[in-house]
Amino acid sequence: MASTRTLHVRCATWEQVEVFHTRKLRRGKLLSMKVPFRADPGSEVTLNLELPNQVVIVVEGVVLKASSIEADARAKADAGKTWLEVELVGFTDEVIARIRRMAAGGDPAEEVFPSPPSAPRTRTTGTLLALSGEDLPADERALFQQLTAELRRLRSVAVHEVLGVDRDADADQIRIGWMNLVRRHHPDLVARRNAPAITHLAEEITILVNRAYDRLRVALVAEGRAASVGPALTPPPGWLVGFEDISSTGSIKSAKVAQTLQNGGNAPQVEPLPPPRPSSAPEGGEAFELRARAMLSDGDAANAQEVLAAALCVYPRSRPLRSLYYVASAISALAKGEVMLATSQLETALAHHEHCTEAAEILELLRRPNAPPASDEMTRLFR
Amino acid sequence: MTAGDGARGTRDSSARGNPRGATEARARPRGGQAVGIDLGTSNSVVAVIDKDGAPRILTTPEGSTTMPSLVWFSPDGPVVGELARAGLDYSPDLTIFGAKRLLGRRFDHPEIRRLSRVLPFELVEAPNGDTWIALSAGRSVSPEEVCALILREIRHIAEDHYGEPVTRAVITIPAWYDAAQRQATKDAAQIAGLTVVRLLSEPTAASLGHGAHRGADRRYLVCDLGGGTFDVAAVDVQAGIFEVLATTGDAFLGGDDVDRAVVDNLIRDVRSARGFDITSDTIAVERLRLAAQNTKHELSDVAVSKVYVPELVQLPSGRAVEYQKPMRRDELEQWSSSLIRRIEAPIREALRRCGRKREDIEEVLLVGGMTRMPVVRREIARVTGREPHVIPNPEEVVAVGAALEVARLEGAIEGVLLIDVAARGLAVSLGGDCEQVIAQSSVVPTREHRVFGTRHDDQLRIEFDVWEGESPDPAQNRLLSRYAVLDLPPAPAGDVLVLVEMTIDTDGTVRLGASELVSGERLQLEQLYHAGLARTDVLRLQRQFAETP
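These protein sequences, in sequence, are chains A and B. Just so you know, we're using our numbering here: the first sequence kicks off at 1 and counts up by one. Just so you know, we're using our numbering here: the second sequence kicks off at 1 and counts up by one.
If we strip away everything but chain A, and leave its shape as in the complex, we get:
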């Protein structure tokens, strides 16, 4: 091999990073990928893993298997491509820990390379975007570049930033923010003057803006901060999170189990990344959590439970929110003297999130002989 080949993987959201790590990689190290070049087993490749915060992590790898894909009639597009299995030797625990720190909001470590603005991307953003604006007249080219930059920016920011409003913006601010953007970018407004490429960009931007608006208005209603914003919308399950897989989760789990059994149970434990923050509203879930904790510290478990139930509609995959919900539910049960129910709720809380210290401590209190936990003992935990 003349030179080391580089693979590019871009994850737009932390959700995708988690999917990449826990599901795409087998045994935490093996990556299967279709590539447009030939490679020999044993040769070295590098993987550029681009994270949502624009940081690119370079991971060394070795090709384990390579099989070229035959060009049959059905798959002309794949002619000359190779199916690679790469062992990512450089995907060490330190690297994972670093990603985890970044996912948790920490600063990127020094040794990572900031992404150059013109970094090649494997995930193109649409066929027309892949075209450059070169065949456009000068004035349209400027617009094309401006819209491309705008689209790229909007793709990488949280929903409230898409609309240019504060994280705790109210219904009117959200509507005004959305309306202003739609007035500027709606494809109808550019279609009459400009090339299809520009109309397409305008449509892509409008899609992002509309999605952000729909998510924010649903979140507002779920948080109980507005009765309704625009036409009533019932979000599908997992709607506010980037990826919600359907009908496949079970089979993947069983496949993993089967794999573990085949390896005599010695397969390395795949340790999941920290619970990803929801892709579209990175910190929205924390607002719910804070409110619920405040209520719990006031001894108002019933209302905290309501808030958390609403929050879970919005952030169904948030483990802290889910475990806290079970804790609140346990406290309500204890208030009614239902110790058995409370215990099972607390155990469920721990099953969802093992670092849920409150659940562990209340369980501890429950195990204390002949002294059921007093309510002030529990409210203290949340202060």
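The set of hints was computed from the structure by calculation and includes no laboratory data. Don't be surprised by glycine CBs; every beta carbon is placed ideally from N, CA and C. Mixed in with the good hints there might be a few duds.
Unchecked claim - Straight-line C-alpha distance at most 20 Å; calculated DMTMM-like pairs for lysine to aspartate or glutamate:
(1) A:Lys81 to B:Asp487
(2) A:Lys336 to A:Glu347
(3) A:Lys65 to A:Glu44
(4) A:Lys81 to B:Glu516
(5) A:Lys29 to B:Asp457
(6) A:Lys34 to B:Asp487
(7) A:Lys34 to B:Asp457
(8) A:Lys34 to B:Glu521
(9) A:Lys29 to B:Glu516
(10) A:Lys65 to B:Asp458
(11) A:Lys81 to B:Asp458
(12) B:Lys51 to B:Asp160
(13) A:Lys81 to B:Glu521
(14) A:Lys34 to B:Asp458
(15) B:Lys306 to B:Asp264
(16) B:Lys306 to B:Glu344
(17) A:Lys34 to A:Glu50
(18) B:Lys306 to B:Asp360
(19) A:Lys336 to A:Glu306
(20) A:Lys29 to A:Asp93
(21) A:Lys65 to B:Asp457
(22) A:Lys34 to B:Glu516
(23) A:Lys65 to A:Glu85
As the list claims (entries may be wrong) - Calculated Cβ distances over 10 Å to all of chain A for the following chain B residues:
(24) Arg106
(25) His109
(26) Trp132
(27) Ile157
(28) Thr167
(29) Lys306
(30) Pro316
(31) Arg353
(32) Ile391
(33) Pro392
(34) Pro474
Dock chain B against the given chain A, drawing on the hints supplied.
Frame of chain A; chain B shown alone:
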């Protein structure tokens, strides 16, 4: 990422950089003329914007502003519009009316079942489950072709007006049309040689045609009761922005149904007064229907009128039997009362969906010929709690709105923006329950995605269905299409993750794209089933229509 699968959607082809689509889009300002068309169940209207900016309704060769949506497959070829009325007399089984109600409908739909029993022409099931119309000698036509004949006639009217080719149109559709019906409308237009620049929902068109963008900011409720369909939409107009908050309707409620209710009563009257049963005599029933329709129109202005059929049936002796019966407005209202009662539910549902009380509505607009009936006005006033605003030309206002939309899209009207929401949600299934992907009332254009994993080692394809509707139960939803993701790389189960993205564009049409999740590589999607005509059929018919003037 999504550029569509190419099988559906005309906007799609230009977005993919398809050379033909691209030139069309570029040449737009200098291409053929564009018109606004209200393709109605019983009547169609075409409007243009004059050079001075005023909307103008074009008249048919017979001098009428509305053209009956009628096609008579006469022995000498299809006859469209006013002239096709003759067909109602001679061969009702070959004279198609209300084709719009059949457009994009499955044959097993209960309402189609009901219609097939009462319509004078025969409905048959197409191989893909759609509803087609059987003509004589084993020939059948799709509703798309029938609508295309009407649209082509409209195109000719517009070309006579302009003296140059007309190639593009804004076509209005009921707001509750599903994606299959929208696509069928686009297909019909394509067959007729028209590119649809926008499908505009009728209530929005009505409020635009009413001039809402020029007046004060208002919260409108538009009630459109036409020949075949009832539409309700809550539309907010604020500083030139039309925002559709909720759309509901009844797909099978309209003037035709009132006519049928009246005819049923008249048939009973014929039986008791004259002693013969004309139920199976399609020609007599059709004549009775036309007479009843006339009387219905008269009764909107006067309290008493009469039904008169000069020649209802011919006796074996050759003598013609005349039929006439005085009819009062209250009789008409009594006979149609079960239909009038169905007005309430869609209005309540529309208010519920936009989270409004009826007091929040600031103006009720009445559109469609049926709103001329006093009992309809009374009922709407009762349900909404306010006196509705009567538009002087309820039959034409939708076409005017469509023409204004043409002007707006071409930049002749500045500062007006129409914002619509998805009338229905989109769901996918892998053989089991449906999982919601795009929620009802999402603002369009919008896009959502789902990730599918392989279930077996070395699985080469994943098949999934796309549904329209909100229910997890597939039986409650409408199957739009079945897709297969092809040529997956061989890998252990669950290793290949496919990202499927669904986009609803500003027209409300759906397009799909698939890619491998991690590499971002585009995957090929094959459409195994879809409602409506196949693309090749549309192109074949388009050529055929272009050849036969």
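- Message: Lys34 of chain A and Glu50 of chain A were given as a pair; does the straight-line alpha-carbon distance stay at or below 20 Å?
- Response: Satisfied, since the Cα-Cα distance of roughly 18 Å is no more than 20 Å.
- Task: Could you grab the alpha-carbon distance between Lys81 of chain A and Glu521 of chain B and see if it respects the 20 Å cut-off?
- Result: Distance ~12 Å between Lys81 of chain A and Glu521 of chain B Cα, so the pair holds.
- Message: So if I understand the rule, the pair passes when the alpha-carbon distance is 20 Å or less; does Lys65 of chain A with Asp458 of chain B pass?
- Response: 16 Å, holds
- Message: Please verify whether Lys34 of chain A and Glu516 of chain B have alpha carbons no more than 20 Å apart.
- Response: Measuring from Cα to Cα gives roughly 10 Å; hence the hint holds.
- Could you grab the alpha-carbon distance between Lys65 of chain A and Glu85 of chain A and see if it respects the 20 Å cut-off? Holds, at roughly 5 Å.
- Distance restraint between Lys34 of chain A and Glu521 of chain B, which requires alpha-carbon spacing of 20 Å or less: OK: Lys34 of chain A and Glu521 of chain B at ~8 Å, within 20 Å.
- For the pair we were handed, Lys34 of chain A and Asp458 of chain B, check the Cα-Cα distance against 20 Å. 14 Å, holds
- Take the C-alpha atoms of Lys29 of chain A and Asp457 of chain B, compute the straight-line distance between them, and say whether it is at most 20 Å. 19 Å, holds
- Task: Quickly compare the C-alpha distance for Lys306 of chain B and Glu344 of chain B to 20 Å and report which way the hint goes.
- Result: 30 Å, violated
- Item | Reported absence of Arg106 of chain B from the contact zone with chain A (all CB gaps over 10 Å) | 24 Å, holds
- Minimum Cβ-Cβ distance from Arg353 of chain B to chain A exceeds 10 Å: 5 Å, violated
- Item | Least C-beta distance between Ile157 of chain B and chain A, which was stated to exceed 10 Å | At about 25 Å from chain A, Ile157 of chain B clears the 10 Å cut-off, so the statement holds.
In terms of the numbered hints stated before, the structure departs from hints 16, 18, 31, listed from lowest to highest.
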